[in-house]
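Protein chains: 2
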Amino acid sequence: MINKKIMNIAIIGLGNIGGYLYKYLLSNKKILSKKNNCTPNIIFISAKNKNRKRKFKIDKKKWLNNYLEATQSKNVDIIVELIGGAEGPAKKLVFNALKNKKHVVTANKALIAKYGDQLSKIAETNNVNLEFEAAVCGGVPIIRSLKEGLIANKINRVYGIFNGTSNYILSTMDKKNEDFKNVLLNAKKLGYAESNPKSDLNGDDVAAKLKILSSLCFNSFIDKNIHVEGINFIDKADIDNANKLGYKIKLLGVSEILNKRIYQRVHPTLIKKSSYIASIDGVLNAVIVDGQPVGQNVIQGEGAGPEATTSALISDISSILRGNIKFPFSISSNERKKLKYKVISDRLFSAYLRFDVLDKPGVLSNITNIFSKNKVSIKRLIQNPSKTKKNSSIIIITHDSKDKSLNKIIKQIKKKSYIIKNPKLIRIGISN
Amino acid sequence: MINKKIMNIAIIGLGNIGGYLYKYLLSNKKILSKKNNCTPNIIFISAKNKNRKRKFKIDKKKWLNNYLEATQSKNVDIIVELIGGAEGPAKKLVFNALKNKKHVVTANKALIAKYGDQLSKIAETNNVNLEFEAAVCGGVPIIRSLKEGLIANKINRVYGIFNGTSNYILSTMDKKNEDFKNVLLNAKKLGYAESNPKSDLNGDDVAAKLKILSSLCFNSFIDKNIHVEGINFIDKADIDNANKLGYKIKLLGVSEILNKRIYQRVHPTLIKKSSYIASIDGVLNAVIVDGQPVGQNVIQGEGAGPEATTSALISDISSILRGNIKFPFSISSNERKKLKYKVISDRLFSAYLRFDVLDKPGVLSNITNIFSKNKVSIKRLIQNPSKTKKNSSIIIITHDSKDKSLNKIIKQIKKKSYIIKNPKLIRIGISN
Numbered sequence: 370m371i372n373k374k375i376m377n378i379a380i381i382g383l384g385n386i387g388g389y390l391y392k393y394l395l396s397n398k399k400i401l402s403k404k405n406n407c408t409p410n411i412i413f414i415s416a417k418n419k420n421r422k423r424k425f426k427i428d429k430k431k432w433l434n435n436y437l438e439a440t441q442s443k444n445v446d447i448i449v450e451l452i453g454g455a456e457g458p459a460k461k462l463v464f465n466a467l468k469n470k471k472h473v474v475t476a477n478k479a480l481i482a483k484y485g486d487q488l489s490k491i492a493e494t495n496n497v498n499l500e501f502e503a504a505v506c507g508g509v510p511i512i513r514s515l516k517e518g519l520i521a522n523k524i525n526r527v528y529g530i531f532n533g534t535s536n537y538i539l540s541t542m543d544k545k546n547e548d549f550k551n552v553l554l555n556a557k558k559l560g561y562a563e564s565n566p567k568s569d570l571n572g573d574d575v576a577a578k579l580k581i582l583s584s585l586c587f588n589s590f591i592d593k594n595i596h597v598e599g600i601n602f603i604d605k606a607d608i609d610n611a612n613k614l615g616y617k618i619k620l621l622g623v624s625e626i627l628n629k630r631i632y633q634r635v636h637p638t639l640i641k642k643s644s645y646i647a648s649i650d651g652v653l654n655a656v657i658v659d660g661q662p663v664g665q666n667v668i669q670g671e672g673a674g675p676e677a678t679t680s681a682l683i684s685d686i687s688s689i690l691r692g693n694i695k696f697p698f699s700i701s702s703n704e705r706k707k708l709k710y711k712v713i714s715d716r717l718f719s720a721y722l723r724f725d726v727l728d729k730p731g732v733l734s735n736i737t738n739i740f741s742k743n744k745v746s747i748k749r750l751i752q753n754p755s756k757t758k759k760n761s762s763i764i765i766i767t768h769d770s771k772d773k774s775l776n777k778i779i780k781q782i783k784k785k786s787y788i789i790k791n792p793k794l795i796r797i798g799i800s801n
Numbered sequence: 370m371i372n373k374k375i376m377n378i379a380i381i382g383l384g385n386i387g388g389y390l391y392k393y394l395l396s397n398k399k400i401l402s403k404k405n406n407c408t409p410n411i412i413f414i415s416a417k418n419k420n421r422k423r424k425f426k427i428d429k430k431k432w433l434n435n436y437l438e439a440t441q442s443k444n445v446d447i448i449v450e451l452i453g454g455a456e457g458p459a460k461k462l463v464f465n466a467l468k469n470k471k472h473v474v475t476a477n478k479a480l481i482a483k484y485g486d487q488l489s490k491i492a493e494t495n496n497v498n499l500e501f502e503a504a505v506c507g508g509v510p511i512i513r514s515l516k517e518g519l520i521a522n523k524i525n526r527v528y529g530i531f532n533g534t535s536n537y538i539l540s541t542m543d544k545k546n547e548d549f550k551n552v553l554l555n556a557k558k559l560g561y562a563e564s565n566p567k568s569d570l571n572g573d574d575v576a577a578k579l580k581i582l583s584s585l586c587f588n589s590f591i592d593k594n595i596h597v598e599g600i601n602f603i604d605k606a607d608i609d610n611a612n613k614l615g616y617k618i619k620l621l622g623v624s625e626i627l628n629k630r631i632y633q634r635v636h637p638t639l640i641k642k643s644s645y646i647a648s649i650d651g652v653l654n655a656v657i658v659d660g661q662p663v664g665q666n667v668i669q670g671e672g673a674g675p676e677a678t679t680s681a682l683i684s685d686i687s688s689i690l691r692g693n694i695k696f697p698f699s700i701s702s703n704e705r706k707k708l709k710y711k712v713i714s715d716r717l718f719s720a721y722l723r724f725d726v727l728d729k730p731g732v733l734s735n736i737t738n739i740f741s742k743n744k745v746s747i748k749r750l751i752q753n754p755s756k757t758k759k760n761s762s763i764i765i766i767t768h769d770s771k772d773k774s775l776n777k778i779i780k781q782i783k784k785k786s787y788i789i790k791n792p793k794l795i796r797i798g799i800s801n
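Chains as they are written, first to last, in our numbering: chain A, 370 to 801; chain B, 370 to 801.
Treat the hints with care, since some could be wrong.
Since the list can't tell identical chains apart, any single copy or any two copies may satisfy a pair.
As the list claims (entries may be wrong) - Heads up, simulated SDA-like pairs for lysine to any residue below, C-alpha to C-alpha not over 25 angstroms straight-line:
1) 613 <-> 648
2) 641 <-> 651
3) 557 <-> 664
4) 403 <-> 494
5) 523 <-> 377
I should point out that these hints are in silico values taken from the structure, not numbers from a laboratory. Source: prediction; values computed, not measured.
Please model the complete structure; the sequences and the hints are all you need to start from.
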C-alpha cells in the first residue's frame with residue numbers, strides 16, 4: 370500500500386508526554402506496523418537534559434546532543450516536537466523540520482495558534498504533513514474529525530469545554546461546596562492543576578485551542594480577534610446563585626458565524642442544568658460542532674495527561690505512516706480566507722450581573738435606573754440580604770442586550786459609593 | 370499530492386439518501402476538490418426505476434440501464450452502493466465492484482455485517498478501499514475515529530445507543546407518558562419510524578452495527594455470536610418502575626472483553642438516570658469507547674436521515690479522493706483474529722424482573738423460593754397492588770447473577786397458575 374515500509378521518527382522532548390510516547394512506540398511497534406502497513410521506528414531522541422533521572426530507560430545510542438540535527442539527518446522522516454512554548458527551541462525545531470521536508474507531529478497549541486498559518490504554507494510547499502491532534506483537547510479526536518470525519522459539513526458553530534483544570538475547579542466548587550482557593554490547592558495536589566496554572570485559569574489555553582478550531586471549521590486563517598476571560602473571578606456565591614436559577618457555570622470556548630461575521634470568545638458561561646454541556650464534570654473535555662448537513666456532533670473525552678495525549682500523537686503518526694497527506698488546515702493556504710472576525714461588543718447576550726452593595730435606601734432605584742438608561746431590560750431581579758443585614762447582593766438577569774451596554778453598566782455602577790465589591794458579569798447560554 | 374486529479378463516481382441507488390448525496394456532490398464539487406486536492410465527478414447513476422418521480426433532476430445521460438455496468442467501466446473509480454439489503458443486487462454490485470478494482474463506499478450495514486470479512490479480503494488483494502462509515506450510526510464519525518483517531522488504543526468495551534427509532538420510542542414513552550403503540554404510531558407519522566420498523570424494534574439493526582464495531586475494536590473477524598432482544602416487550606409500567614428506582618430504560622448495544630472472552634449483546638437496559646447515556650433522548654445516537662491509553666471517548670450525533678448519512682458518505686469518498694488507502698477493518702485480514710466470542714449465559718448481571726400475579730396467599734413465598742433455589746439473591750423487592758386489588762405486580766432487583774439463572778427463574782415462574790402476564794427480565798447497567 371505504501372512505498373516506504375519503515376519510517377524513522379525523532380522524538381524531541383522527553384517529559385511526561387514524550388516519555389510515555391517513547392515507551393508506547395517501543396511496545397506497540399508491531400501492532401502499529403500491521404495497522405498502517407509501515408513500521409514506526411524511533412531513530413533519535415533528544416531533550417534538554419540527557420542525564421536527568423527518568424522513570425524509563427532511554428537508548429543512549431539514539432540520543433542527539435543537538436536536537437536540531439534531527440532536522441538535517443537524511444534518515445529522519447517524522448519529527449515529534451514535545452518541547453512546548455510558542456517561541457525558542459520548539460519554534461526553531463518545527464520551522465527547520467518542515468523546511469527540510471520532514472513530517473511534523475506536535476502537541477504544541479501555543480506554537481500552532483501563533484505560527485500555524487506560516488508553518489502550514491511551508492508544509493504544503495514541501496508536501497509533508499503538519500499534524501497537531503494532540504494540541505487541542507488531548508484524547509478527543511476533534512482535529513481528525515473536523516478534517517476527515519466531518520469534512521462534508523459547513524460549520525456554523527464550534528464550542529465546548531476545552532480546559533480540564535478549570536472545569537475540574539468549577540465543578541468541584543459546585544459539588545463539594547468549596548471556594549476557589551481551596552479547590553485550586555487540592556487540584557494541584559491531585560495533579561489536575563500545574564504548579565503554575567495561569568494559562569489554564571485565565572482562559573489563554575482555551576483561546577489557543579479555539580483559534581485553531583475556528584480556522585479549521587471556517588476555512589479561514591487564524592485570527593487574533595478573540596474575547597478572553599478566565600475563571601479567576603468566579604466565587605462560590607456565583608455558583609450558588611447559578612444553581613438557584615437553574616444553571617451551572619462552565620468556562621466555554623465558543624466560535625460562531627452570525628450574519629457572516631465570526632465571533633470568537635472564551636468566558637465563564639451560565640448553562641442550563643439540563644443541557645448536555647452542563648453535565649461535563651471534572652477534567653473531561655467536550656467539543657460540540659453544529660454543521661450542515663450533519664446537524665450537531667459531540668465528541669467527549671480526556672483532554673490532557675500523557676495517556677490521552679499519546680493517543681492523539683499516535684493517530685497523527687499513523688496518518689503519516691499511511692501516507693495520508695493532507696493540508697494542515699483542511700484546505701490549501703491559497704484557498705483559506707480572511708474572514709470578518711468581529712469583537713463581541715455588538716453581539717447580543719442575556720447576562721447575569723451581580724452587585725454587592727451597602728443596604729441603604731435608593732440603591733436599587735439607582736441601579737435599575739442605570740440599566741434603563743443603557744437600554745438593558747431586566748428579566749429577573751433577586752435581592753439577597755447578607756447575614757449581617759448591612760449589605761446585600763443584587764442579582765440581575767437581563768434580556769438579550771449588546772455586550773458593550775452590559776459592560777457600560779458594570780463600569781458605571783462600579784464607581785458608586787454603595788458598591789462594596791467588584792461587580793460581576795457572566796453571560797448566559799450559547800446562542801442568543 | 371495525489372496523482373489522479375479527478376475520480377469518477379457511480380452512485381447506484383437513488384432513494385432519499387442517494388438523491389441527497391447526488392445533489393450534495395453536484396453543489397459541493399468545488400469545495401471538496403479544494404479540500405482533497407482531487408475532484409469528485411459523478412459519471413454514472415442508476416436505480417431500479419429510471420422514470421420514478423424524483424424531487425430533483427437527474428442527468429439522464431449519466432443513467433445506466435444495467436447498474437452492473439458501473440463495475441466494468443474503465444472510467445469508474447468509486448462505486449457508491451445505496452441499494453440496501455444483505456443479498457441480491459447490493460451484494461452482487463459490491464462483490465463485482467471490488468473484484469474489478471473499484472473503490473466501494475456503502476451505507477449497507479446488513480451487507481457489511483454479513484459479508485464484510487469476504488469483501489475486505491477482496492479489497493485488500495486489489496488495493497482498493499471498502500468504506501462503510503454510513504453503515505454505523507449515520508453522522509457519528511465512529512468508524513473513522515476507531516480506524517484513525519483512536520488507532521493507538523487497545524479497546525476493551527464499546528457500547529451505546531445505535532438506533533434512533535427505538536430510542537425515540539423509549540424516551541417519548543417516558544417523557545409523554547404514553548404507551549408503546551401510540552408512540553410508534555406517532556413516530557411513523559413524524560418519519561422517525563419506517564412503515565415497517567421491524568429491524569429497528571427487534572434489535573437486528575443494532576446487532577448488525579455492533580458486529581461491525583466489535584470486529585473493528587477487537588481486530589477480530591465478524592462474529593455471529595450475539596444476544597439480541599428488542600424493545601417490543603417494554604411497556605409503560607416498566608418505564609414507570611424504572612423511574613421510581615432511579616433508572617431510564619435504553620436499548621443498548623454492548624460489546625466487551627471480560628476475562629479474554631468477548632460478549633456481544635443487544636437488549637433493553639436499566640441505566641442510572643445520572644449517567645451520560647441516560648441523557649441521550651430522541652433520535653440521537655451515541656457511541657462510547659473504553660480503551661487504553663485514551664480512557665473513555667464519547668461520540669454523539671444524528672444517527673440517520675439523508676443529511677447525516679451524506680456527511681458520512683462524503684467522508685468516505687474524501688478519504689478515497691485523498692488516496693488514504695486503509696484496511697477496511699483497520700488491520701489486514703491475515704492479521705485479524707478468531708477470538709472467543711461467548712454466549713452471555715454465564716455472564717453476571719444485576720437484573721430487574723417483573724411478575725404480574727394474582728393476589729393470593731403463597732405467591733410471594735413461591736416466587737422468592739424459586740429465586741433461592743436458583744441461587745439468585747434479591748437486592749430489592751417491591752409489590753404494587755393493582756387498582757382492582759385482585760392482581761399485583763412484583764418487581765425484584767437482583768444482585769449480580771448468571772444470566773442463565775435469571776432466565777431459568779423466568780421460565781419456571783412463567784408456568785405458574787398465579788401468573789397473569791409474561792414475566793419480564795431487563796438487565797441493569799453496563800458493567801458488572
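Structure-based check of each hint:
no.	hint	result
1	613 <-> 648	both (16 angstroms within a copy, 22 angstroms between copies)
2	641 <-> 651	both (18 angstroms within a copy, 19 angstroms between copies)
3	557 <-> 664	between (39 angstroms within a copy, 21 angstroms between copies)
4	403 <-> 494	between (30 angstroms within a copy, 15 angstroms between copies)
5	523 <-> 377	between (37 angstroms within a copy, 24 angstroms between copies)
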